[in-house]
Amino acid sequence: MAQSGDTTTLERARTQRADLKSASALAFAPKGVLLVGDGLGGAIYAFETGDTSKTGSGPVQIEDLTGKIAALLGTTADQIRVPDIAVNPDSGNVYLAVARGAGADADTLILKADRSGKLTELDLQTTPHTRVALVDQPDADKLDRRGNPLRTDTITDLGYVDGKVIVAGLSNEEFASTLRAIPYPFGEMTKGASIEIWHGAHGAYETNAPIRTFIAYEFDGKPEILASYTCTPLVRIPVAKLTPGAKVMGTTIAELGNMNRPLDMIAYAKDGRDYILMANSNRGVMKLDASDLGKYGAITDKIAATEGVPYETIEALQGVRRLDRFDETSALAMVATGEALNLTTIALP
Amino acid sequence: MSEAAPAPRISRTAEGFRAEPWRGAEPSGGWGEVFAVFAGDDPAAPAMLGAYARDGEAIVFTPRFSPAPSLRLRAVYRPPSIEPVVARFGGVPVPPRAPTTRVLAVTPSAAVWPENVLKLYVTFSAPMRIGVAWDNICIRDASGSAMGGLFVEIDQELWDPTGRRLTVLFDPGRIKRGLVDNINEGPPLAVGGTYRLEIDATWRDAAGGLLVEPFSKVITVAAPLRAPIDPSAWRLTPPASSTEPLTVDFDRPLDAALGLGAITVRRDGAIVLCDAELEHDETRAVFHPTMPWGPGRYSLHAEDILEDIAGNRIGRPFDIDAKDPAQKAMVASAADLAFEI
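Residue numbers (this note's numbering), protein chains in the order written: chain A, 214 to 562; chain U, 64 to 404.
Below, in silico cross-link-like pairs of lysine-lysine (BS3-like), each with a Cα-Cα straight-line distance of 27 Å or less:
{"hint": "1", "chain 1": "A", "residue 1": "435", "chain 2": "A", "residue 2": "460"}
{"hint": "2", "chain 1": "A", "residue 1": "500", "chain 2": "A", "residue 2": "435"}
{"hint": "3", "chain 1": "A", "residue 1": "454", "chain 2": "A", "residue 2": "377"}
{"hint": "4", "chain 1": "A", "residue 1": "454", "chain 2": "A", "residue 2": "508"}
{"hint": "5", "chain 1": "U", "residue 1": "391", "chain 2": "A", "residue 2": "454"}
{"hint": "6", "chain 1": "A", "residue 1": "508", "chain 2": "U", "residue 2": "386"}
{"hint": "7", "chain 1": "U", "residue 1": "386", "chain 2": "A", "residue 2": "454"}
{"hint": "8", "chain 1": "A", "residue 1": "331", "chain 2": "A", "residue 2": "244"}
{"hint": "9", "chain 1": "A", "residue 1": "460", "chain 2": "U", "residue 2": "391"}
{"hint": "10", "chain 1": "U", "residue 1": "386", "chain 2": "A", "residue 2": "460"}
{"hint": "11", "chain 1": "A", "residue 1": "377", "chain 2": "A", "residue 2": "435"}
{"hint": "12", "chain 1": "A", "residue 1": "460", "chain 2": "A", "residue 2": "377"}
Bear in mind the hints are in silico, worked out from the structure with no lab data behind them.
Kindly generate the complete structure, drawing on both the sequences and the hints.
Below is the structure:
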């Protein structure tokens, strides 16, 4: 198959500057390794930040995040986008993917916020990193008349799960986007890890189903991902099934309400029970009771709008665009309030 | 007798800013303690990022990015034992740009779309501002009301690398048969309905200009397109001469991007470079050879990622009826159609 993305090649670049063309998704691997999804550049970067010891305590709070970043970078707030945030679990520092500029040619950088809210830049020149290319150089026939490739994969989420970097992407052309599972540390790979993800709609219809967001989750001691499709349901997929070239059908364990799309998820435990906190497009923030997540079998029959795993909506949390686990008792949220974007620490409900 | 220190001052250079004189060592907290440049007057805003250097008796600050000319910059220099020196720079208002950018095309180009149309593309004449698409594109029903919940509104938005072409996915949860949203809400567009796709002129391009004019397109909706693509239904018209184009007529409109990107002309397995265009509402592809065709056998190669406007592929429909063993066995495949010149 000539589809780009079939091959994954490794480049170890510990001295060269990382040439990020975009950064749409961030996540941490162990030992302070920051994973950056660069869809426009067709690559995943792993930065060895060395940021591995706890720094201070207390919450992180940055009001008017885009305004502050704009001031830092000498521009106006309308020229700043913050596609994703990630908390470094080792240090408690917050990393932000930032685009400076209005268009596709915006400068991409990674900022770090400490607990005082002070913002500094991650030096892409001196931070050791490795890189895996997700796409081949585009064929000449795939270029437009000015020699530009038109196809891109936007990386909607990525994460480190059981020794692998899982990458969810959405193509701007074909619908059947693929998931990739790349062993980390990145090794010499020639055959890519493209995985077709399928969705069985209650036993009636089967379709390709791009994954929008996911988290690692263990079921009976085995690593899985809990994922949400662009078409909404929450599904389970065992990591062991994510092998190159595989076609994998997720197991639907929850529907989450009409026309509701999960934006981001975190898992946590409180008072001896397991929960999942989920930021949604339409239904605010939901808290799912995950204590018995493993017992929900595949939803195969026609069901009500909200069946499967029980959940409650947390009314106090509005406008949450991104979530990450901050510590044992709190989460970091990027919250849109009117025109402003705030970074705030919230108690886990 | 020591020479009297000249009055402290801040100046702007082509690359950055200078504060002078400074005769001591670098402060323990770094140069930022004594010299910082701020974008604007917000006391809560951090100083601009940048690099500091010593140049004789001057502290030189080079901002990480060249500041936007419209910003009013405030440079603060704190020499020892005297009042801070403040200087202001910039603040040149950007004159409004006359609008020059417009919508070049929306595909599917046809006025009639199938109920299960999967996506649309909007192509602009210049790179656009990213991050505001969902505020500026909408579909209105026959009464003129804007309809919500039609699209996959992902924050990152699906642009081509130049920022000129936006891909808008209709919500697959409402298109895929058997899903809750499909059952409860129905498909985004209903058979027999008339809708208006609107793109606001207030959508700014990447350089800050408004669109020349708003864009609108009236769409009527026809029956869903559920059959897999069948290349045996395509009609090839081989070129009449070595410089004439190859024409292929399809039995349905193809996805505007994949119809160009996933179909190539090949000879002995190698791609024959062509300028390709889709015509007749994406139901025809025309391949103009960049070099004259030589006589011989060719093939039209369609990759297995080819989709029509409803996401059907060659040999496999968008949603497979799992209860139908014949459909369940279907897999998307590539196809080659031979022709001779």
